[in-house]
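S.K.: Make a model of the complete structure from these sequences and hints.
Counting in my numbering, the final residue of the sequence shown is number 656, and the numbers go up one at a time with none missing.
By construction, these hints were calculated from the structure, which means they are not laboratory data.
Some hints could be false.
The calculated label-pair distances, taken between Cβ atoms and stated as ranges, are [stated by the list, open to error]:
1) Glu-186 with Asn-508: 29 to 39 Å
2) Met-172 with Val-584: 47 to 57 Å
3) Asn-144 with Ser-257: 47 to 57 Å
4) Trp-471 with Asn-187: 47 to 57 Å
5) Met-549 with Asp-217: 53 to 63 Å
6) Met-549 with Glu-349: 37 to 47 Å
7) Thr-173 with Asp-308: 43 to 53 Å
8) Lys-346 with Asn-323: 16 to 26 Å
9) Gln-480 with Glu-186: 17 to 27 Å
10) Arg-299 with Lys-346: 15 to 25 Å
The structure displayed is predicted, hence computed values, not measured ones.
For every residue, glycine included, the Cβ atom is placed at its ideal position computed from N, Cα and C.
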Amino acid sequence: MVKDLGKNNISSGYAVFLPAISNFYVRKISQHYCEMTDMFPPERIPQGFENGLEGLNIFDKDKGYVYYSHGLYSAGHAELDLEKSKIEDGMVVNRDRETTVLVGDSGGYQIGTGAWKLDWSSFYDKEGDWAKTRHGIMAWLEEYCDYSMTLDIPGWACLPQYRDKNGIKNWDECVDKTIFNHEYFINNRTPGKTKFLNTLHGSNWDTSEKWYEKVKHFNDKSVYGDRAFEGYAMAGDHAGDAELLLRRLIRLRDDGLLGQADQSDVWIHTLGISVLPWGAMLTAIQRQLRKYVNKNITISFDAASPYITAAKGLAYDYPDLNSNAWSYKTKKLNWRQDITDDNQPWLYEGEIGSRLNMRDINYMQPRMLNRNKKEAKSSWDSLSYILIQAHNAEYHIRGMQDAIRRFDHEYEMLRDKIDINTMNLGKTNTLSDVVPDRVLYFAKFVEVLFDPNTKDPMNMLTNYKAFLRKCEGSRVQNIATTPDFMNFEEAGVKTEEYVEAVKGKKKEYEHPESVDALFG
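M.R.: This is the structure we're talking about:
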């Protein structure tokens, strides 16, 4: 049994980072398990992989080279036929549910961008594309996920670059269609199969409040009983805008919607942000909510960055963790076919890297034929990308855990010196040599903000607006659910097999042309 890299999520009360696992990664490993592909013959498997490619399953605590008990996967990427999904998405859907937690995204990104070719004129019909897709997504989430986001139509779906693809004309239509989907889930769900997270959008406080007021009743047990949604997904600018997120949490607290009678837990997910400072900041928020509001609140956050960077030919190095910057580092990888020493260790250490040699990544040699029966022009094949994705995910998780661990140590040592009334936020950090000052001040700030003795927390947020702006995290809109075919089209290093695939010759890289394609 391997070490659980996520053990501190539970034992030390960390906010939970969720790797948003790539469909490309899951599909290829799952198909290999079931002997549904001959893409990876025995001679292609790294010799250092004592458990073969099964060891790349981060949910497998017995055979996994890296074991991490939490993850996110999108129904927007999944095979919606429940039986076929056991094969195509087996790595995530066949996991041990006693020892792992899977948060399911609903595919709102694919819907908002128009990537799914759905007939929007049939949105409200009881039959047709939308009815089948809506029910299929709900059924998949209920069957395979512990916590699941509701099927939202993102507030940004009405922007000009998306209107022609999805037919949505304005922001109000996004809300109205989201409410219709919510009502379907409420009326047709099986309580207890998964816990649904009400997705909250907003680009500023005004739009956030308008959205919230229209959908907050879906979490009210006095209205819906055991069919009420159990948590929240913070989308739009709630993820990255510290002031907006904190205002929303205060409103939820004051409305009594962060835990009601007979509710075992409340899960709050912040979509698509995983910069290192925010791991510590969300941990600080979670601890204050548990102390003053509900001891069973969990905050999670996600990113697909480890998988996207690999698609661009980048590998994670160890992150910068000092007082001036907490940031992940990546290195552009070169390729070479004529490696002189096949057994030379690969560039990086770690549970994945230490099992690899240079030839495992640069597998294709001069004059070798690729799977398209053409002479390979690159030394990389599909497994090269998968191996780098696995390495990147390990380094991302370890980096986040180490950052929060440093934050915990420094905050405990310095808590008497941290005063938000006299803080200095100049370029020179003065509190710690391993944690940025703004992270430590933020932890003290939320201690005061959520204290019941603080009479006007909303006014406090206004007064500290300049400080909170310094705490904002850069993020890409819904990066966690960016479709893999979009990610790989930006790949810096491309295999010939990949080039053929994006031309439409391989189904897994295509936009689905019909709703039937979503169900296999």
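S.K.: Could you work out which of the previously given hints the structure breaks and list their numbers from low to high?
M.R.: 4
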